[in-house]
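S.K.: Heads up: the sequence shown begins at 4 in the numbering used here, then just goes up one per residue.
Hint data in this document are derived by calculation from the structure and do not stem from the laboratory.
There may be inaccurate statements among the hints.
[Said to hold, decoys possible] No more than 27 Å apart at the CA atoms, straight line, and that leaves these computed lysine-lysine pairs for DSS-like:
#, residue 1, residue 2
1, Lys196, Lys267
2, Lys337, Lys120
3, Lys196, Lys331
[As the list claims (entries may be wrong)] Across the chosen pairs, the derived CB separations fall in these ranges:
#, residue 1, residue 2, range
4, Cys68, Asp115, 17 to 23 Å
5, Asn309, Pro69, 41 to 47 Å
6, Ser344, Thr282, 46 to 52 Å
7, Ser92, Gly333, 36 to 42 Å
8, Thr282, Pro69, 57 to 63 Å
9, Trp86, Ser311, 45 to 51 Å
10, Leu67, Thr282, 55 to 61 Å
11, Gln173, Ala51, 36 to 42 Å
12, Asp313, Asp340, 32 to 38 Å
Note that beta-carbon positions come from the ideal geometry of N, C-alpha and C, so glycine has one too.
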Amino acid sequence: MRPGRALVLTLVLPFLLMVAGLLVIAALAGGLPANQLVAPVNAAFNAARVPEAYREWIAKAGALCPEVTPQLLAAQMEQESGWNPTIVSPVGAQGIAQFMPGTWATWATDGDGNGTKDVWSPADAIMAAARYDCALAEQVRGYVQAGRAQGDIQDLMLAAYNAGPGRIAQYGGIPPYAETQHYVRNIRTLMDKYQDVIPDIAAGTPFGMAVVEFAMRQRGWPYSWGGGNTRGPSEGFGPNGNNIIGFDCSGLVIYAVYQASGGKISLPHLSQIQTTMGTGIVPATRGSQVDQRLMAPGDIIGIDPNRSGDYSHIGIYIGNGQMVHAPKPGDIVKVSDLSESFYANANWQVRRFG
Numbered sequence: 004m005r006p007g008r009a010l011v012l013t014l015v016l017p018f019l020l021m022v023a024g025l026l027v028i029a030a031l032a033g034g035l036p037a038n039q040l041v042a043p044v045n046a047a048f049n050a051a052r053v054p055e056a057y058r059e060w061i062a063k064a065g066a067l068c069p070e071v072t073p074q075l076l077a078a079q080m081e082q083e084s085g086w087n088p089t090i091v092s093p094v095g096a097q098g099i100a101q102f103m104p105g106t107w108a109t110w111a112t113d114g115d116g117n118g119t120k121d122v123w124s125p126a127d128a129i130m131a132a133a134r135y136d137c138a139l140a141e142q143v144r145g146y147v148q149a150g151r152a153q154g155d156i157q158d159l160m161l162a163a164y165n166a167g168p169g170r171i172a173q174y175g176g177i178p179p180y181a182e183t184q185h186y187v188r189n190i191r192t193l194m195d196k197y198q199d200v201i202p203d204i205a206a207g208t209p210f211g212m213a214v215v216e217f218a219m220r221q222r223g224w225p226y227s228w229g230g231g232n233t234r235g236p237s238e239g240f241g242p243n244g245n246n247i248i249g250f251d252c253s254g255l256v257i258y259a260v261y262q263a264s265g266g267k268i269s270l271p272h273l274s275q276i277q278t279t280m281g282t283g284i285v286p287a288t289r290g291s292q293v294d295q296r297l298m299a300p301g302d303i304i305g306i307d308p309n310r311s312g313d314y315s316h317i318g319i320y321i322g323n324g325q326m327v328h329a330p331k332p333g334d335i336v337k338v339s340d341l342s343e344s345f346y347a348n349a350n351w352q353v354r355r356f357g
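With these hints in hand, go ahead and build the complete structure from the sequences.
M.R.: Here it is in structure tokens:
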């Protein structure tokens, strides 16, 4: 592309603050009505496939607008530059997002907050590319609504990034340029590289299913001690969190429950406290003895490995004897089978929100 051809927590709040936070958490009921739930998704962003230096920026930029998902943006950067932040095209497009100088002058962004807007900075260029994409999505949506163009908004957005938005209006859709048509097709194909198919999950309540879907979308993010908040993956701290963008077990629960509730339920960042909240479904019981027929997708499972009362791990039940969670340092957000001995031999407490 040549865009000019037209383009992170305090892990543990001090304990008293966390306890105080419990007093202001709204009644742990309610949530999104069925007709306000996000559309079901069948693919989750696999951050592990993005070069590590760029994961944070792809995640941040991929949350700016609905059309620009992290997997689409990752595919676009691969198509543009092969993740090379110093490349210059034969016509002068620059950097990882291949901005032409004139387009950069309009969309230059200080993505990393260092006081400069540098086209050679991946942080700046990736954030700028997403801003430009989002603006193009709005522009081409206007064309479609006015009857001046037809087609999928994301496809038209990508075509506009490559050929310029004026060409979309001129031709009433993706222009008949081989390069532009290849550009759109190739990014759509590359998206498969940066996403994983979400397996079928058992039916549950609308709120519980939303919790599951928000959590499942985060599969592939690395474990980061203290990572994760209401907005998504974030940098943790300590030996297992510094410079790692991702989630720990309770951070993933915070994010999924908050998003599913439309911002009504904000949980503290500690599994031991999360395990005391919501509605109790299963009291302290050895995992292998839990009647999973009592459980529903979206339930929160506190795990006490030593059966000592310390629920040091937590995950989200997705049905079919499985949970999605951020297991441990060096691992990623993933689905695990609850029949594994570590979980089956631990005590569980199952809680329900919504």
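S.K.: Against the structure shown, which of the earlier numbered hints fail to hold, in ascending order?
M.R.: 1, 2, 6, 8, 10 and 12
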